[in-house]
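**Q** Listed in order, the protein sequences are those of chains C and V. Every number in my numbering is 7 more than the matching position in the first sequence, counting from 1. Every number in my numbering is 7 more than the matching position in the second sequence, counting from 1.
Some hints could be false.
Calculated cross-link-like contacts (lysine-lysine; reagent style DSSO-like; alpha-carbon spacing at most 27 Å) [stated by the list, open to error]:
1. Lys289(C) / Lys301(V)
2. Lys305(C) / Lys283(V)
3. Lys221(C) / Lys107(V)
The set of hints was computed from the structure by calculation and includes no laboratory data.
Number of protein chains: 2
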Amino acid sequence: MELQELKTTDLKPEEFIEQKIQQLRAQVDGPAVNALSGGVDSSVVTLLGFKALGENLKTYFIENGLMRQNEPQIIAGLFRKMGVPVEIIDAKEEFFTALKGLTDPEEKREAITQTFYKDVFGKMVRQSGAKYLLQGTNYTDVEETVAGIKRQHNILEQLGIDTQQQYGYKVIEPLVQLRKSGVRAVGKALGLPVEIYNRPPFPGPALAARVIGKVTPERIQIVRQATAIVEETLSKTGAFQYLAILHEDRVTGIRAGKRDFGLQIEVRCWESTDAKTGTPTKLPFETLTELAEKITGKVAGVVSVTYNITTKPPSTIEAV
Amino acid sequence: MELQELKTTDLKPEEFIEQKIQQLRAQVDGPAVNALSGGVDSSVVTLLGFKALGENLKTYFIENGLMRQNEPQIIAGLFRKMGVPVEIIDAKEEFFTALKGLTDPEEKREAITQTFYKDVFGKMVRQSGAKYLLQGTNYTDVEETVAGIKRQHNILEQLGIDTQQQYGYKVIEPLVQLRKSGVRAVGKALGLPVEIYNRPPFPGPALAARVIGKVTPERIQIVRQATAIVEETLSKTGAFQYLAILHEDRVTGIRAGKRDFGLQIEVRCWESTDAKTGTPTKLPFETLTELAEKITGKVAGVVSVTYNITTKPPSTIEAV
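Construct the complete structure from the given sequences, taking the supplied hints into account.
**A** Dropping the structure here:
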């Protein structure tokens, strides 16, 4: 069956929600699970799934050590406030062990996928006895995965992987026909808080996708600090997405009058409606200067900050 | 003897030229040589030296394979037009052999220095029988070398290297008290063409300083093409310096709908008067977009272009 896009202009969010709730209730005949990351997609799936299945849905937040500052606590807290129970699973060690020594982006993504599905989340699913897994895959994810541009962590069926046979559960993807803007509209109609349904996208492999080369707790901490500065400085721009990337290349800098062979952070800020194409935001130079000063001033070891000026395509939104 | 800066505001170019011509004639009692790279410093030394010493000065242009497009022919042609004889020495193979496999910036600079002084230029000096080597070292070069920020290729005495003993010639540096702006004023007063005396600085190791990681003929060709685009696009800005850097890190891109794990070029454009401190030029976004489009469109393999937004310090003008 050919997957058909449901354009945001054609989407009627309330009808879509009602229809998906009916479908989920018809499809799911026992306990189901899902993993909440705090992004729009998984947040919409969590609330949609909870409305459809109630206590039959068990929602996990996997703390992989690759998240932004305090993210597990903030996100789980927001959902608990809405009456949706969320369990935080500490899996930092499993992920850093799996990533050890890897530098190739595809190998890193694969290590995270495997650790997530087989080791950590797979174990949760098996322990819970659930036979259904709800996922927030959207239309752009499928398109890019099929085109071979990027391997998203949550596309399995499209790649010919039989999750039922391989992992013991069936994957259900209620948002798979929607672009990001459609998912946001559904999130708003569902009653998610605006900071969730308008949240800038964040990649599946989290901050590991923001580190070129080796992923270690130390390097994740550097990009986490830079990310906090970028998000704090650029949240008011209303841009589609903004991010900090830690490079592996070292560049010459000066600290206290001495040569310092240091780190470089690349900042990207995107104008886009669907992540399919994108244009760098025309940030005022004062903002660019502020970013560079804060990052080189507050993040130890960073001597250079650049700003992406390439459109997508030929660039992608993320670097890794 | 403490080296004293001669501030540009205190400089009287005609008097300075007259004084240096007298000093050179007094110091040099036989054949002298110098190497012309086409930068302001070595160009001023070439013309100053020729005015002082005439045919007693032999000027070489070492083609190290790391130069910009057609640079040896253009520069040598300009000087020949002024009546200054220049000999081009093809030493591409020697330099690429010396650079093979090196990735550390200091090792690369050292390999270029050694190849230049000991092998290529050293051989020229020995063959010519010259006992004097004229060099365009300026005050900022000395300062940064002494401070340990960066190793310039033309500072030997300051580092305690006795060239007379080690290489068989004495180094004379007539511009060593001047900042770049002073060197430009002297160049103008000497009658150099404006495109030479106002030329943006170019590093001693040439395009090798613009390549992070391994220096190969292929990688030099990529950064040479990007450099040509950057210089063509930014020459009208009147900026102090503008450059393209080829990164070693690879980033994800899209070409013809497919994933392309490609190259990244970083563009830097500086406002500065003396290279001691610098600020990124506030280029209009249209110019940044034009740069990114031209570079990703014309330089094979490049999928991403960034713009430096960090001041010096903590950055340096160059990255390597």
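**Q** Decide, hint by hint, whether the structure agrees.
**A** To see whether the hints hold, each was checked on the structure:
{"no.": "1", "hint": "Lys289(C) / Lys301(V)", "result": "holds, 18 Å"}
{"no.": "2", "hint": "Lys305(C) / Lys283(V)", "result": "holds, 23 Å"}
{"no.": "3", "hint": "Lys221(C) / Lys107(V)", "result": "holds, 25 Å"}
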